[in-house]
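Given the coordinates of chain X, assemble chains S and L onto it according to the supplied hints.
Protein chains in written order, with this note's numbering: chain X, 14 to 359; chain S, 69 to 411; chain L, 7 to 713.
Derived from the structure by calculation, the hints contain no laboratory data. In this text, a Cβ means the ideal position worked out from N, Cα and C, and glycines have one as well. Be careful, since some hints might not be right.
Said to hold, decoys possible - Straight-line distance between alpha carbons at most 20 Å, and here's what the computed PhoX-like set of lysine-lysine pairs gives:
{"no.": "1", "chain 1": "X", "residue 1": "181", "chain 2": "S", "residue 2": "323"}
{"no.": "2", "chain 1": "S", "residue 1": "398", "chain 2": "X", "residue 2": "181"}
{"no.": "3", "chain 1": "L", "residue 1": "380", "chain 2": "L", "residue 2": "663"}
Claimed, not checked - Label-pair restraints from in silico Cβ distances:
{"no.": "4", "chain 1": "L", "residue 1": "66", "chain 2": "X", "residue 2": "173", "range": "30 to 40 Å"}
{"no.": "5", "chain 1": "X", "residue 1": "218", "chain 2": "L", "residue 2": "479", "range": "50 to 60 Å"}
{"no.": "6", "chain 1": "X", "residue 1": "57", "chain 2": "L", "residue 2": "202", "range": "57 to 67 Å"}
{"no.": "7", "chain 1": "X", "residue 1": "232", "chain 2": "L", "residue 2": "539", "range": "49 to 59 Å"}
{"no.": "8", "chain 1": "L", "residue 1": "130", "chain 2": "S", "residue 2": "270", "range": "34 to 44 Å"}
{"no.": "9", "chain 1": "X", "residue 1": "63", "chain 2": "L", "residue 2": "122", "range": "44 to 54 Å"}
Here is how the chains run, residue by residue.
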Amino acid sequence: MSRQDLAETAENASLNQNSYAKKGWLKKPSQELIVLATALVCFLFFAVTLTGFASFGNLVTMLRSIAVLGILSTGMAVVVIGRGLDLSQVSVMAISSAWVLTLMSSDMSLVTIMFLGLGFALVVGILNGWIVAFIEIPPLFATLATGLVCFGVGRWVLLSGVHAYPPKEAADFLFLGQGIVFGLPMPVLIFLVVAGVIHVFLRRTTIGRHIYGLGDNILAARLIGISVRPLIILTYMISAAAAFIAGITTAATVASMNTEIVNSTLIFDVLLVVVLGGVSLSGGRGGIVSVVVGAILIGILLNGMTILNINSDVQNIAKAVVLLAAIIVDRRLHPKDEETDKQGDH
Amino acid sequence: MVKATIKKIASTLMIAGVAITVASTTMAAGKISGKTERMVRSDYVTAVEGKTVAYVPISLGLPLSDYWMYGIQTSAEAAGMKFVVKDPAWKVDAMTQAISALISDKVDYLVVQNPDVQVLAKLLKKAEENGTHVIQLNMASNYRSSGFVGVDWVSHGEEIGQDIVKECGTGSGKSGKVAIVQGELTAAANVWFVAGLKKALGEDSAISIVNDQAAQWDATKAHDITAAVLQQNPDLCATAGVWGIMMLGSGQAVKEAGLSDQVLVYGSGSNSRPVCDALESGVLHKHFSYDSILQGRDVVNAIQAIAQTGLEPGEKPFALYSPIMIQDSKTVKATDCHDLIAK
Amino acid sequence: MSSITETIQKVRYKWSFQRAVAELLAKRWMESIIPFLMMCMVLIFCAVAIPGYLSFSNLSDTFSQFAEFGFVVLAMTLVLMVGGIDLSVGAMFALADFVALVLFNVFEIPVWGVIPLVILTGALMGAINGVLIGYLKLGAFLTTLVTLLLFRATFDLITPIYAVEIATGYQESEVWDFIGDGTLFGIPANIIILIIVAVIAHILLSRSRPGWHVAAIGSNRKAARHAGIRIDFTIFCTYVLSGILSATAGLVYATRLNSSSSNTGDGLEVMALTAAVLGGVSLAGGKGSVGRALIGATTILVLINGLVRLGVTGGPTLVMQGMIMLIAVGIDVKWLKNKNKAISKIYVVPAFLDLGERPDARINSHTVFEQNSKLNNARAIGLGTIDGPEDVILDRQNRLYAGTREGWIVRFSGDNHEHQEVFARIGGRPLGMAFDAEDNLIICIGGMGVYGVHPDGEVYKITDETNRTPWKINDDSRLRLADDLDIAPDGKIYFSEATIRYEMHSWAMDGLEGRGNGRLVCYDPAKKQTRTILRDLVFPNGVCIAHDGQSLFFAQTWACNIMQYWIAGPNKGKLEVAIENLPGNPDNINRASDGNYWLALTGMRTPAFDLAMKKPGFRTRMVKRVPPDEWIYSNINNGCVIKFSGDGEVLETYWDKGGESHPAITSMREHRGKLYLGGLMNNRIGVIDLPDADPNWTGPENYWGPK
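Bound-form chain X, shown alone:
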């Protein structure tokens, strides 16, 4: 069998799995549909009860508020579909973008600086993937530790403070966060482009299909000739790149980067969106569309609650309860054998 044949076999295998899943739709609704329905119900509820909620302006605001979360989540989704987890994402996002802001005071060109920042993010991604694939440390601990190291190195070597600010003349850069194109703010556009690219990558390319195979059954994937270790590294690189893009978007939006964001609950929000959208943590399932749906539900909830002037702590409690429900539903829809589970398999 040639490599091409093997690849086709793998593709057929995951396509079969897909059609199998489609059959399941008839029997019980997929999580994606449930979430979409919930989002619609919430939307209608807020639209009726809150004045100004359903306006075009507010919808754009809502999309904009979830753009960064959405970019991070699409990156995370790739890793999770490959049965991994990337807790270092926020750290990479904060340090790479803050470093870019710091470098902008030097006389390097913006393009060079951007490549440096992206390069830093990719190095952390490769490190993550290498530790997970070759040393075989469970991704949970590997990425937790690399997150600490990345943040520490940033604070120690790359940055001079907790916050980083762009110099005064940085219109090109700030356009990425504050510009408006075709009536849509740049962050929303960036989110849509990232989501679209990753969607096509996952669904239409051989490597993308291989990531599903990797997450579904790593041993089987290895047996049919997929080089699983480089593939694992690739997923973490994609996640790190998404983190970099999200960081740049954030920094350009508020013209500063607060690296203390690492100690926030942002990474939990990312996991929330991913799990909510039906990307099972046991790997091999879900897609970018589900992630976008999950992000929109979170966006609607947060936007509505903010307008209602609900305390941010209550918002957090609401988020936690929603996430818990999503995990329970995930468990019901995709039961797994906890007797064969390994630690770090979430």
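Here is chains S and L on its own, set in the frame of chain X:
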């Protein structure tokens, strides 16, 4: 009241009298003057030089704490004192450990920025019992130590509130809607600042607080909160928060909504370059600034005074409130702003 | 005979460093030696870098800040051991701290009321985790992540309500202050509480049934379920305990600092996780102990405290924390994966063994060992229905007993022993047997020890341990491979333990070592005491008390000799070689009716094998590089029984040439003019007639007289 005033006048007269006497004596005999000067100098040297000043902020790497460090270190070293700094990097445990270690090292002066009113109170008391003078910087604790140097938060909040009332309140012809962006709900500075702010705002019935959420010191959160609030209240008049850097996020949201001319963005904090840039570009409208480098020098001045009076730690607690300067796009000048301190 | 090089080799291989390393590595506590060394290094580092660090007052001061962290690491260790993880410890800690302060400062409840209420709070929070993970079977990581968010948000929500009152209210209480800053003999009170809790937890985990259940579920959930352990309930309980321990930590923190702020307990879960893993608590579950948890906690705390005191800033500290975590988990993962491989590579340590010139046993050699076919026509008993009768014995009623691979004692009765039944089921691997004065059957059970069976078939334990040799690394107090026994007239049971380094299934590896790993042990029924009497024997096997009851013979299988040891009379304690240089590996020895002794030879020496025994390096390479079924062993395709006299003269040899019906005979027993043959790997018991023997002689009568 009258008694106190009389006492005050009496003591002033007495001091004046002493001063005149000293002056006249000095004029009478130049020799003695030299001796006094040498005595003053040698007293100063024995009291101040070689003493250790330890500085423990919540975290280094912020404009605020970096300016303080610059101010304290340069003035302390100029006065011949030794300077030590510990960086707990936001970890309260690391902070308590660092302070415990400094107590057992018996440093002479401890300068502390409290993360909240309680967590260090017991330790600071222990430090003073062990003979270490404690100066609390900008954020105080429940324990009243030798000295406090920093902003008078309640009146600081009140000042901003009064300014908002002037701009948005009765007779201004505006909506009177105000959104408050809090920092961390439990942080002392935030609590007192917001208390003062709300007190001032409450004095005008035309003012209504439409949103009052915590952004956890995060500009991005402040941005999202403000954006949502603007959707709901496009006629918002002002938004205010305790920390200018955080309010940059709010300012960006206002700018994006194209409401920069209508919504006033208030902040407070040290006069750092990013804040001044934001004032110039109209992202922030008014910033109530205090000069953190000078606050650092105030700390060292206080220490020098304590050293020469020979007071026991905590014997006569005092406070030095920092002056506030109001900056806006017109008054902001390059001279009033500090550049970020590079590492 | 032996040249200088051989002498050197003998000395060189007598003691082995490698053996010590291999045995050390196989120790369970070896897993915590690396963490322990790491802790010592960190302490030394601090002692050198910080003046006055090791003074008692400084240590007491430093460690008074450590109690709460110790509790949290204990909580984390407990859940890691059951195969889970608890990320909510930090949030539970913060909430408990808050609850304690509200109860004490605001509601002014006395300390004795505060403590149980706070612990109850912890238990309730732990119960939420427990129900979700134990009963609803959600993933531990995500679930506790969510409860972390939930508890933390709840904490943030209610803290501002009471913040001012907590700060201003205060209750005078000596107990409260004592827990917070008190000391007892200079030791901080909170550390004393931690030590008490740690001791209780240690006993609970390592010495109680619930503790074993926790480890069993963590190691292998499926096996635990099959063993009937209530998995759901046990997991639920560990999370409740985790909540209680975290709450205790919060309580101790509350008394110490009297403060509750928004970042109390932030990031504590990551620190606790790092500490537990660093201490050697395995992420895979099942492996961990209180000691390891505390070692890890101390290492992390001393390190961070040291860095803070040295003025190292946040960045490097974070980098170091992350690197340490990676290294610790990496070692954990790689160690788990490769430990057994590494040990098996170096565990076999061959020694130099010079067997001397092999006696000729070929046909027409006219030696006493000359091969014949006397056993070739042995009649088979239980052919195909018995598996591996290592030893056989007959009782006064002529019934034939044999131990089998299944761990049973099988009994044959009837005139031709045609009726077969299972007499007793013991387990292990039944080996040598003997009857005592009360007709109880005493049996050496490989892997278990020495057991007895009453005539009615009831099994009882005689002994399974002996005194430990102080200087041996391997714990040799347990009997691993009791091989053969005999009973002296005074009732003392003398038995051989073939090796203390290998288990029943790998005894052949001991042959490749050819080292003195075995011993002779005596059990005294009067004192109910087991004592080792001879050590460093080369696979001691058959044991037989001489006819006069004053000495015993035992065979050293790999040394190919028979030793005589006096147990009574004027020569008591004397040990000498009775027969040396046998043509094969001697096994069981038993009495013959004519006052002589029977000896079974289980394998035959070959020139290649003899040479290999002189080449330890060769055998080491063989074990490492060649698969086991290609290794060199002695020739077991022969059956041989020898008769020798009490003064060590070989009288007669019985061969099963070519091993046609009875290869590798391990035992033989004379009874009423017949000789019964057993073999460790045979599927039958053989019997031949002894025409010259006393037709009425039986073993039990010969030992204990007629009844």
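Going down the list of hints, with the structure as the test:
1. Taking the CA atoms of residue 181 (chain X) and residue 323 (chain S), the gap is about 16 Å. The hint holds against a cut of 20 Å.
2. For the hint linking residue 398 (chain S) to residue 181 (chain X), the alpha-carbon distance of about 17 Å falls within 20 Å, and the restraint holds.
3. A threshold of 20 Å between alpha carbons decides the hint, and for residue 380 (chain L) with residue 663 (chain L) the separation of about 8 Å falls inside it, so the pair holds.
4. Checking the proposed 30 to 40 Å range against residue 66 (chain L) and residue 173 (chain X) shows it holds: the Cβ atoms sit about 39 Å from each other.
5. Take residue 218 (chain X) and residue 479 (chain L): their Cβ atoms lie about 58 Å apart, and the range 50 to 60 Å holds.
6. For the pair residue 57 (chain X) and residue 202 (chain L), the beta carbons lie near 59 Å from each other, so the given range of 57 to 67 Å is met.
7. Checking the proposed 49 to 59 Å range against residue 232 (chain X) and residue 539 (chain L) shows it holds: the Cβ atoms sit about 55 Å from each other.
8. Between residue 130 (chain L) and residue 270 (chain S) the CB atoms are about 40 Å apart, so this pair conforms to the stated range of 34 to 44 Å.
9. A C-beta distance of roughly 46 Å is found between residue 63 (chain X) and residue 122 (chain L), which places it inside the suggested range of 44 to 54 Å.
No hint from the list above goes unmet by this structure.
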